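Numbers in the working numbering are just positions in the sequence shown, counted from 1, shifted up by 3.
In case anyone wonders, no lab produced these hints; they're calculated from the structure. None of these values were measured; they are calculated from a predicted model. Hints are supplied without guarantee of correctness; some may be wrong.
[Stated by the list, open to error] Taking lysine to aspartate or glutamate pairs in the DMTMM-like style, the calculated list, with each CA pair at most 25 Å apart, reads:
#: 1; residue 1: K122; residue 2: D97
#: 2; residue 1: K163; residue 2: E173
#: 3; residue 1: K122; residue 2: E91
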Amino acid sequence: MALRKQIFVKTHVLDLLSIIPYNEVLTFLCFLRVGRFARLVKISCLIGLSSKLKHNSNRINRRNGFYFLLSVNSIIILISSAIIARVEHHNFIDAIWWSVATVSTVGYGESVPKTLVGKVIAVVLMFSGITTLGLLTNSLNNILVRSGRQTERKLAEFEKELVEQRAILEEIRSTVLAMNREMDEIDD
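Working from the sequences, and respecting the hints, build out all of it.
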């Protein structure tokens, strides 16, 4: 029974997201209308418009854990934003802005935490941002390197095929020349 539930959860993530109740921390999701968006994505998946994108994104995710990394980073940003909003007495949107600026290592400096908890959160976000950016860069590099290797393999195959085609062409030329000589000898 538990296996069926796991399969259901994995195959119906968007449905589950669309029924999540919004609490005080996640009130900004109401603004984004996640439920409607989730239903729209679900419908487009049913129509089959995103099958190619889904295949490519699954391939990238399996190789690099890109979505896992993105999910963990998003969760860290949301949790830290909620804590900063509560501790530093900011509104939630400003706290998200501050968290994203800190994680992206931009850190504009217009808002600096004043409490100890806020400073600890800032340090965690800084390390999270540095780590995440490094891993994302590495992930992108791996994708590009693999793509380059595949291109090199295909190029090597084409070069090998070209050599074979040239050999066949040379054989045909030799045969045609030999036939022309024979025809000339017969005519003489």
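Hints and how they fare:
Among the hinted pairs, K122 with D97 is consistent with the structure: their alpha-carbon atoms are about 16 Å apart, no more than 25 Å. At most 25 Å may separate the alpha-carbon atoms for a hinted pair to count; K163 and E173 meet this at roughly 15 Å. For the hint pairing K122 with E91, the CA-to-CA distance comes to about 10 Å; that is within 25 Å, so the pair holds.
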